[in-house]
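Participant: Starting from the known structure of chain A, fit chain B onto it as the hints suggest.
Protein chains: 2
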Amino acid sequence: MTVSTPITAAILVIGDEILSGRTKDRNIGTIADYCAAVGIDLREVRIVPDEQDRIVEAVNALRAGHTYLFTTGGIGPTHDDITADSVAAAFGVSIDVDQRAVAMLLERHKPEDLNEARLRMARIPAGADLIANPVSKAPGFRLGNVFVMAGVPAIMQAMLDSIGPTLETGARVLSHTIEAGLPEGTYAGALGELAKAHAGVSIGSYPSMTSTGFTNRIVVRGRDPQALDAARADVEALVARLRADAGA
Amino acid sequence: MTVSTPITAAILVIGDEILSGRTKDRNIGTIADYCAAVGIDLREVRIVPDEQDRIVEAVNALRAGHTYLFTTGGIGPTHDDITADSVAAAFGVSIDVDQRAVAMLLERHKPEDLNEARLRMARIPAGADLIANPVSKAPGFRLGNVFVMAGVPAIMQAMLDSIGPTLETGARVLSHTIEAGLPEGTYAGALGELAKAHAGVSIGSYPSMTSTGFTNRIVVRGRDPQALDAARADVEALVARLRADAGA
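So the sequence lines, in the order shown, correspond to chains A and B.
Reminder that position 243 of the first sequence reads as 244 in our numbering, one-by-one numbering, no gaps.
Reminder that position 149 of the second sequence reads as 150 in our numbering, one-by-one numbering, no gaps.
The shape of chain A in the complex, shown without the other chains:
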């Protein structure tokens, strides 16, 4: 039996505007969906302010513990865009205006419009590969296992599409959702026993509120289709039995 090493990832969202509530993040959900679809285990997310020491600390903590680290935000032309410099500092490498990035900016801007501020967007740490930005040209970059992307969701999505084929991926996590149609407390004990019996499958119970009360869904997730089907069958049988008991 081959035991494959799981491919893991973390996300670092950089930006005062998320922490102040002014901007509601949408990139975490997009990247989480992407990772799930290609079999990458997203294991942690952090959001930190536009402060170099905080960014450096988080980049180094997260890149060490995961196959990949995806960052979003802080790569524009203004003074509060300090992600590229912070990532360079985290890796201990130099950073300067990169002529490959300048060439990309020239696809959008006239040479005379490439002022000092716009050239900030061409500051790339030494040794990095660029990530194309089809929307507004200013590139992201990959340094080691860290992918630095824009915060604007449409640009982040385009960059993610671009780097996707370069990522090592794993077996896709399959999932089945079972509508419980019962209060969580009526099945929680028996479900816990099933979770122990199906250790290779993850079983979760997720309540949500609707205008008529709680809707509880049980989700079984796993990479082995046969193990997943066995767990699903047991959960469905449990729910059917309890619903019959309840006269539901």
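Simulated from the structure, these hints should not be mistaken for lab results.
Mimicking DMTMM-like on lysine to aspartate or glutamate, the simulated pairs with C-alpha atoms at most 20 Å apart in a straight line are:
1. B:Lys138 with B:Glu108
2. B:Lys197 with A:Glu52
3. A:Lys197 with B:Asp86
4. B:Lys25 with A:Asp34
5. A:Lys197 with B:Glu117
6. A:Lys25 with B:Asp34
7. B:Lys197 with B:Asp230
8. B:Lys25 with A:Glu180
9. A:Lys138 with A:Asp114
10. A:Lys197 with B:Asp54
11. A:Lys197 with A:Glu237
12. B:Lys197 with A:Glu117
Facilitator: Chain B alone, transformed into the frame defined by chain A:
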């Protein structure tokens, strides 16, 4: 002049369902808005899976560095709800069924329906104060500077409303938004100079995309109304001058 200590906070979101993309978090934005409204500096957010060692590590890292830590998720009746036990482990205190919490559950459930699974929701670490849950009764709790709340947004909101009056708050951060009406690259350099000149005020530039292209907004934020007004006036004058130059 009195220098007040800033009141800071962090959020810890606990749940596989957020990392798998299945559930899109809405609590971070709600808590961020709340903190901004009452003058608490939200400084960091982390999302971790339903794994005790990861929760313990994050709780201890975040409670040490901030006035308050707010957690969401993982306090239901099922086997994957391990937040209370993990927080007890983080603090090194015991945890057991708490009769105050049982009394709350009995407001919703008949005594004969309080099975072992539902009693999990009454497991409260020693020394904690309870946080009432007007929606479904199962309480959250406060232990030290850590507030443990539900993951279901409507319940989290109710718990936040309930603990709000108990929190130490700071001077509210005031903000003004200026529509730039210009590409970021045209004002980024001058805006950076203004940011240096108004060091007590935070000046950020936030692009967003609309169907017609980028909309750039400059946001000035600060607690001192006079300093804020001065920065705002300078930013507005800058934007007016550059727009005139551009014939906009």
